[in-house]
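**Q** Sequence:
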Amino acid sequence: MVTKADKGNTIVILPTHHYETKIQDFIQNDDFHTKATDPTRTFQTQIRSTIKQSPTLIAKDHRWKYTSMNPSAPSIKGLIKLHKPDQPIHPVVNWRCAPAYKLSKLFTSKVTQLAPLPHSFNVMKTQDLLKNLADFPMLPHYNLASLDITNLYSNIPVKETKNPFANILEHNITAPQTQQELLRWFDTITEQSYFTHKNQIVVQHDGLAMGAPSSGLIAEMFLQYIEHSHLTNLTLKHRIVN
Numbered sequence: 058m059v060t061k062a063d064k065g066n067t068i069v070i071l072p073t074h075h076y077e078t079k080i081q082d083f084i085q086n087d088d089f090h091t092k093a094t095d096p097t098r099t100f101q102t103q104i105r106s107t108i109k110q111s112p113t114l115i116a117k118d119h120r121w122k123y124t125s126m127n128p129s130a131p132s133i134k135g136l137i138k139l140h141k142p143d144q145p146i147h148p149v150v151n152w153r154c155a156p157a158y159k160l161s162k163l164f165t166s167k168v169t170q171l172a173p174l175p176h177s178f179n180v181m182k183t184q185d186l187l188k189n190l191a192d193f194p195m196l197p198h199y200n201l202a203s204l205d206i207t208n209l210y211s212n213i214p215v216k217e218t219k220n221p222f223a224n225i226l227e228h229n230i231t232a233p234q235t236q237q238e239l240l241r242w243f244d245t246i247t248e249q250s251y252f253t254h255k256n257q258i259v260v261q262h263d264g265l266a267m268g269a270p271s272s273g274l275i276a277e278m279f280l281q282y283i284e285h286s287h288l289t290n291l292t293l294k295h296r297i298v299n
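Each residue of the sequence shown is one higher than the last, beginning at 58 in the working numbering.
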């Protein structure tokens, strides 16, 4: 079979059974379990209910815009990580037909508009990072360190992220009814973390849905919470200069 590499414009040719083994390894090595029945119909009902309970954010005559007419379970494929030992996959989940896809996109748009994140520790592009490093006084005994998060979305704790999200809404003086509706959206969207592979329904025990438009924003909420609440103590404890 032919697939793509995770990085670079590279094509990978490999035996199909090797590719399938890499997909199964990813599923078995992470916090997933298989489910006998497809929950798409149940999730669709939840979406309709959540939308009906959002009069502030969604006008009654616009509800249809955020409901998928023929939803189906998201599907997974893998991009090969040629730069990693054993060449595992980078999972890519197609969420476009998922019940919560349209609501997830609207969630991201509304939160960005009503409660934008500060991005205190972020750099927008590689050139900014290079400039920051060039301006930093590097001493001979300093060592550069880079931290990587394995499978970011599936390792974000959803319950621990909801309170920071509520605090962000409160900090931005979001109207109480709007807060209530956005928090309900958060619950509905994050519950729908599942995909299908080889006629099996695979469900995440925790973590954000891979492929959901809102997962990047929610992951950033949690990372910023960790940075603001723990980074100072960690830098002092381990003598990290940032």
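Derived from the structure by calculation, the hints contain no laboratory data.
Incorrect hints may appear among the rest.
Below are the PhoX-like pairs computed for lysine-lysine, each with C-alpha atoms no more than 20 Å apart in a straight line [to be verified]: (1) Lys162 with Lys219; (2) Lys61 with Lys79; (3) Lys61 with Lys138; (4) Lys109 with Lys159; (5) Lys159 with Lys117; (6) Lys64 with Lys109; (7) Lys64 with Lys117; (8) Lys92 with Lys122; (9) Lys141 with Lys64; (10) Lys122 with Lys109; (11) Lys134 with Lys92; (12) Lys64 with Lys79; (13) Lys79 with Lys219; (14) Lys255 with Lys92; (15) Lys117 with Lys79.
Source: prediction; values computed, not measured.
**Q** For the pair supplied as a hint, Lys64 and Lys109, is the alpha-carbon distance within the 20 Å limit?
**A** violated (42 Å)
**Q** Does Lys79 lie within 20 Å of Lys61 when you go C-alpha to C-alpha?
**A** holds (14 Å)
**Q** Decide if the proposed pair is consistent with the structure: Lys117 and Lys79, CA atoms, cutoff 20 Å inclusive.
**A** violated (46 Å)
**Q** Please work out if Lys79 and Lys219 have their alpha carbons no farther apart than 20 Å.
**A** violated (32 Å)
**Q** CA of Lys64 to CA of Lys79, is that 20 Å or under?
**A** At roughly 17 Å apart (the allowed maximum being 20 Å), Lys79 and Lys64 satisfy the hint.
**Q** Compare the distance between the alpha carbons of Lys162 and Lys219 with 20 Å, and conclude whether the hinted pair is satisfied.
**A** This hinted pair holds, its Cα atoms lying about 18 Å apart.
**Q** Hey, Lys92 versus Lys122, does the alpha-carbon distance stay inside 20 Å?
**A** violated (30 Å)
**Q** Between Lys64 and Lys117, does the CA-CA distance stay at or below 20 Å?
**A** violated (44 Å)
**Q** Checking one constraint from the list: CA of Lys134 to CA of Lys92, max 20 Å. Satisfied?
**A** Judged against 20 Å, a Cα distance of about 19 Å means the pair holds.
**Q** For Lys255 and Lys92, compute the direct alpha-carbon distance and say whether it is at most 20 Å.
**A** holds (13 Å)
**Q** Can the restraint linking Lys109 and Lys159 be considered satisfied, given a maximum Cα separation of 20 Å?
**A** holds (15 Å)
**Q** What's the verdict on Lys122 and Lys109, does the C-alpha distance respect the 20 Å limit or exceed it?
**A** Since the Cα atoms of Lys122 and Lys109 sit roughly 12 Å apart, the hinted pair holds (cutoff 20 Å).
When each numbered hint is compared with the structure, violations occur for hints 6, 7, 8, 13 and 15.
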